Amino acid sequence: MGVNVVPQISIIIPVYNAEKYLRQCINSVINQTLQNIEIICIDDGSTDKSLDILKEFANIDSRIILIKKKNSGYGATMNIGLGLARGDYIGIVESDDFISQDMFQVLFEATSQFNTKPDIVKSGFWEYWNHNGKSVKRPAAILKISPPCNPFNVYQYPDILSYHPCTVTAIYRSGFLKEKHIRYVEAPGAAWTDNLFFFMTICQACSIVWIPECLYYYRQDNPNSSSYLKDCTIPFKRLSEIFDFIESSRIVDRGILIALYKRVFMYLDGVLNNPYYDKTTVRPLVENVMQRIEPDILENSQFNRLEKKYYRCFITGSYIILENNLLRKSYLTFIPHRVREGIQSLRKWGVMSTANRIFQKVKLYSKANYLYK
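Numbered according to the UniProt record's numbering, the sequence shown spans residues 1 to 373.
Derived from the structure by calculation, the hints contain no laboratory data.
Derived DSSO-like pairs (lysine-lysine); straight-line CA-CA distance at most 30 angstroms:
no.: 1; residue 1: Lys68; residue 2: Lys180
no.: 2; residue 1: Lys134; residue 2: Lys49
no.: 3; residue 1: Lys69; residue 2: Lys55
no.: 4; residue 1: Lys279; residue 2: Lys308
no.: 5; residue 1: Lys55; residue 2: Lys20
no.: 6; residue 1: Lys144; residue 2: Lys308
no.: 7; residue 1: Lys230; residue 2: Lys137
no.: 8; residue 1: Lys68; residue 2: Lys178
no.: 9; residue 1: Lys180; residue 2: Lys69
no.: 10; residue 1: Lys68; residue 2: Lys20
no.: 11; residue 1: Lys20; residue 2: Lys49
no.: 12; residue 1: Lys69; residue 2: Lys237
no.: 13; residue 1: Lys230; residue 2: Lys309
no.: 14; residue 1: Lys70; residue 2: Lys20
no.: 15; residue 1: Lys237; residue 2: Lys308
no.: 16; residue 1: Lys69; residue 2: Lys178
no.: 17; residue 1: Lys70; residue 2: Lys55
no.: 18; residue 1: Lys117; residue 2: Lys180
no.: 19; residue 1: Lys308; residue 2: Lys230
no.: 20; residue 1: Lys55; residue 2: Lys68
no.: 21; residue 1: Lys230; residue 2: Lys49
It should be emphasised that the depicted structure is a prediction, and the values quoted were computed from it without experimental measurement.
From just these sequences and the hints, can you work out the full model?
Spelled out as structure tokens, the structure:
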């Protein structure tokens, strides 16, 4: 592709110690049916053979732009990619994931189906892992997204904020990101830096197109993934940044705030159930976040009665009683999702582990029910 030809999509691939999965990732990108793309691969100071693999691919595909830099974390790496991108739209592929051969063609073709170019085109994704030597995939919960119209905006469908951020399953109009000065939080490691990016893009987009098709394979079994949380302060740092954005943008829409509160309680619940939970460092951050929630909105929301009792434990500080029930990260966070998440847990972890998770979760809800009869 000539340097003067504007790519239809710039695809950013941030890389750090991903040699085990990197070839599958890059192959899935260079073999896209959409050919007019640029591929920006940024090695964030890998200590394995990732850089050598990237060099191999750069030598055989002129569309690849290879950047090597000192380790500075996911956010800083992504911001370099955003600064280099020349495409009309920008896509992201994680170095341990891979994509369907037609993913970017499907997303890009959707941009020309409306009178104005959408700011975001987003699709569903597969959760993907290996179990007993076999590849397993299942559609993510995000497929429950059902906007009232297409395209839509967050005010028409705020529930989109309740789902997994998964910013990699979308393309973003470059002009939109520049106009709104949207960048990633720069923090050490991966550090959930996609959370604020997700809220900033979704909340500021004038038009979002939803494609209910799974086009992205999101790996669940990489032990180096940021989803394996060891620093329990990270979710609260990201939540504080999201609250800062919501408040500075003067967003007061009830639906958006309820969606944010759902995410807050989901993260709180997950941290309480994390074996790395340290109440001396986390408790002040919990209290800081709780002070930013409006109780009136919570009480008059669509949360059911038992959920409200459970959440009042956090609002009033009674969650401290729940701290004695630490267990491994629960897959049964919200009552309406128990069956679906229970099936996932059975597939991944087996009967005994799932039964223990259910038992511990029932104990947590029972304590909340006792505190707020």
